[in-house]
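Asks: Make one complex out of these two single chains by using the hints.
For the protein sequence lines, the chains are A and B, in the order given. So the first sequence is numbered by my numbering: it starts at 7 and just counts up by one. So the second sequence is numbered by my numbering: it starts at 12 and just counts up by one.
Hint data in this document are derived by calculation from the structure and do not stem from the laboratory. Just so we're clear, the structure is a prediction, and the values are computed from it rather than from any experiment. We put the CB at the ideal spot given by N, CA and C, even for glycine. Treat each hint with caution, since some may be false.
What the simulated footprint calls covered on chain A by chain B, stretch by stretch (three residues with Cβ under 8 Å from a Cβ of chain B suffice, anywhere in the stretch; the number is not a length) [said to hold, decoys possible]: (1) 65 to 71; (2) 106 to 115; (3) 122 to 132; (4) 142 to 154; (5) 165 to 173.
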Amino acid sequence: MLEYKISKSVILPSTLLKGIFVCFLLLAGVACKKEKTYVYGVNDVTVKQEGANKPSVKTTTEFISIAYADIFGTTISANDLTQLSLLYSAFGDKKLMENLIIKNFLNAPGTQIPSKAQMLQNTEQFLKETYTKFLNRTPNEFELYGTKNIIQADTTISPELIYYGMLTSNEYRHY
Amino acid sequence: MNTTRRGFIKRAGLATAGALTFPYILPSGRLFASTGIRKADHVVFCLFAGGVRNLETLQKAEGNLMTYTLPGTEAISSDILAGMDPLPAATGIPLQLQGSLFKDFRYKSGPTGHFNGHTTAITGVYTNTDLDIKTNPEHPTIFEYYRKHNSPSQTALNTWWVSNSLGPYPALNFSKDANYGAIYGGNHIQPASIISLGGYNALGNPKVFTNTQVTAAKSMRTFLDNNFANQTKAADAGVTNAESEAAQIEGFIQQSFNEAVAGLYNDPWNLGTAMNNDMYNIFFAEKIIQRFKPELLVVNMQDVDIAHSNFTQYCNNMRKADYALSHLWNTIQSTPGMANNTVLIVAPEHGRNLTHNSLVDSYGRYALDHTNDPTSREIFCLILGPTGKVKQNTVFTNPQGLGESIDIVPTIADVLGFYSDIPLSYRNKMGNPLTQAFI
Chain A
7 MLEYKISKSV ILPSTLLKGI FVCFLLLAGV ACKKEKTYVY GVNDVTVKQE GANKPSVKTT
67 TEFISIAYAD IFGTTISAND LTQLSLLYSA FGDKKLMENL IIKNFLNAPG TQIPSKAQML
127 QNTEQFLKET YTKFLNRTPN EFELYGTKNI IQADTTISPE LIYYGMLTSN EYRHY
Chain B
12 MNTTRRGFIK RAGLATAGAL TFPYILPSGR LFASTGIRKA DHVVFCLFAG GVRNLETLQK
72 AEGNLMTYTL PGTEAISSDI LAGMDPLPAA TGIPLQLQGS LFKDFRYKSG PTGHFNGHTT
132 AITGVYTNTD LDIKTNPEHP TIFEYYRKHN SPSQTALNTW WVSNSLGPYP ALNFSKDANY
192 GAIYGGNHIQ PASIISLGGY NALGNPKVFT NTQVTAAKSM RTFLDNNFAN QTKAADAGVT
252 NAESEAAQIE GFIQQSFNEA VAGLYNDPWN LGTAMNNDMY NIFFAEKIIQ RFKPELLVVN
312 MQDVDIAHSN FTQYCNNMRK ADYALSHLWN TIQSTPGMAN NTVLIVAPEH GRNLTHNSLV
372 DSYGRYALDH TNDPTSREIF CLILGPTGKV KQNTVFTNPQ GLGESIDIVP TIADVLGFYS
432 DIPLSYRNKM GNPLTQAFI
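Okay, chain B solo, but in the shape it has when bound (with noise of 0.2 Å):
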């Protein structure tokens, strides 16, 4: 093409000019698009919940324990009937019939371990033998995929990774991977430990600085920290939060210690000795979900891992996890901003072991561990979304199975419209997005 200087001079400001003054602006308000087309605003994922075989969720070998996920009103083995706890009964839709489920998911590679599965979750690849439960994972989280990639980049406001334990599940907020790292980092919270007796007796009672008492200490802090050579590098302070949203942060804590005081987490669904640690977990995720809406949250349950002594109370917990689950789905859906603008997955870390060990409970039942057998890594994975970007009541079976633990990073990143914006480097090592799930 022949053009002069003069020509090209103008035809470059004009383009300038152009891209600075007419932005495109996304009818969800998001200035600039990611690469892909957004299917919804916000991702859900939960773990669920520390270890199930199909064999008692979607097989119901000891009836329909999961009645507000699975549709089927088969009766609970009568020997164990006696050790489950009453729950409100199921009403409305069963979330199966809401969305879509992959029968034949696997945990196909990698120790039948919790940390492991949810590493494997959380960043899209499996993990081996070798995994540091001590330090964050090798391989990016799907929080730091989010805040780099998504465009525009979001806050570590806008995505939480909420634990029901401590242990290594801290870590699982942001890698050690020198691309990405705590300056992508989602939120974490464990708010089991902070919202309890213990933290409102250490953290409930703070000075509370007037506007002009917290600008006049920052002066003070700033002028130390401009004459300090070493400043404290990201991964020292873990994910930072930009000053206003950690004081947000810091104000929903509050309010939580509050509440908490005033008895309205005694019993919050109104369930009596039945609400465990996931509900409370649940619980949790919820009040975030309805604080912040942030555009991606991970939230875990683990209770049923009590299969490990007790097979009764495993599937008096998997019931639990059910009804939380449910509560979950209608806290969102009842949540502006996220009401029928949010994907929720929902996926075991791993199953557990066909054959039972030695451990018998008080209904004669044998325990369940999870040691690499082949039913072990026997899992599902429910998608649940907008009527119209879902498909609803849909099943996939395939014998070979059909899903794997190493889609739901890219399915999220899919679902958020940047999965084409991660690096092929970092794509390669994940599986794929779960595209048969969405219309």
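Looking at chain A on its own, in the form it has when it is part of the complex (with noise of 0.2 Å):
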């Protein structure tokens, strides 16, 4: 008896030990399997932060002539340009200054801003044109989206608005 039991208890881990060693194989086989990569509706797209390909900060005269072909589709003269950028200079907050200039463009006679028919009748063709006038760049799918949403969740909104936004923020005022 006893020595059944010494035996048994000698066999039997042995036993064990082969059973968990079968069930770890059949685990591995499964674990290992390679997994399948489902897709839900909507392609796979790289979005990156725009920024690293436009380091520089635009010149004062650069600035003011590039915003103002970008509104009115042709060069600011020379006194226009020598005017402005005296007054650039004659205060400290540029950022404030910047926005009043856009502004004063924005009412002038002779802006070529589309329509709010055109910007609504195909959106993204806007942004696509906008962002590229603008900004030098197609938007990418994250900015297109979102841009869109915007518009199409305020009805006030107009090309104007979206123009002035895009006039003044720190992109535009990069290269």
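Replies: Below is the structure:
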């Protein structure tokens, strides 16, 4: 009895170990199975923060002349550029001065701004053109999604306001 | 001291709760205090007025050209009298009697140039010959010291630099110092350019957006800014006002345009053709004082610099600067919140040479330059302020000089109560507060 017990006690762990090993192999087989990739409705897109390619700040004259060209579709006169540069240097808060300059541009005759109907008719196209015009690049998927949402969520928003927002953004100040 | 962990936590908790619950509210309404005690809640510093000699100011070599500031009825030299524009006769108490006058003030070191003089007065540190006029000064300005060390910290709306010309002067509202810079800078404005016909034509007719439209445009801008990694750095944008304060400033500029268009700026002091650029600069500084009641405002005048070519007009413009200074003080004293709570400091950036140059004006007088001779370093400093705070009718004299240009910044810091909060490494570069002028 005692002997049996002893032999059993020796044999039993060995059997158990074998069983565990088999189970491990089975489990390992399941675990090593290649994972399936599921795509739910949309394709993957690469989203990165813009800015790495625009490290430089526009000079005063660059900012004014580029903004003028973007809004009016023509070159600013030398006299106007000189006058605005002078005013720009006469106030310490450059952002404030840029804001004032842009708001005066937007209120002047001759601006080239699409109508609201044009914007709503094909918002994606409008946004792509606006990004290209002001920021010299096409919007990524996230930007397109986000800006489209802004336009669609607010019935009062106009192309002029989109332009105003873009012209006073940090990215517009850079190249 | 023996203590237990429980006891320590209890005491620390009570101390924290006390600090949060019972912040010290000063009588002036300020929450918490700087280390020092304020002598007044506002300081206006006037750089007077483009290089003047003590010979023509305090010593009255051509008669009393500053009847609003200096007591005395000495007649103006008869040979130049015809070159003086009519100004209202001075009435009331001369400014000198309302404060302390340092007669032997000195601009002791550095070139006697306008920008060097301004930089020294605004930074409290003498400049050297290598001063770069195209960039911001090397040492922090009084605006930065104020905004960084005053407690509670204040926005740029509370501190203004009103210059009467452009050139290098706009750069004096903040320095290149890595510990300070644009984020602590003051608002700079040069009114002569902005509030002008050209300024109005370019900036006077902005698109007016409703609040809803502003919010909509802001949502677009915020979205863009959040997706742009390379944010505008402080120095790129100059001094930045918070959105609500920028709107206040825009409103102020717009109102100024409207008033100018309505003809209110044509001859605001009823002086006829006598109104010059210095007077307009002071006039606009007064508008800022009335609108924003800033705690710190620096304004300059420079029209006496015509002395390089016309001595008689130098004297004439000195009279106008004197009138403008008196007008400024009257405005301060009639502005609620600033009246009897403002210290006005007046000092020229430098003097002029003892020896004249070769140019002669139509009255036969030789012109004056400023090229580092001892006379061009002799200036004065007048400190006006509330009775009980500033010594009235007091004159300080000392042949070796008492007080220097580099003492003005520490004096302003001392008046506003944050002088001892400025790190010693910076204080060591400056002069000392002119405590003699205060009670």
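Asks: Look at each hint and say if it fits the structure.
Replies: Here is how each hint holds up against the structure:
{"no.": "1", "hint": "65 to 71", "result": "violated (count 0)"}
{"no.": "2", "hint": "106 to 115", "result": "holds (count 7)"}
{"no.": "3", "hint": "122 to 132", "result": "violated (count 0)"}
{"no.": "4", "hint": "142 to 154", "result": "holds (count 4)"}
{"no.": "5", "hint": "165 to 173", "result": "holds (count 6)"}
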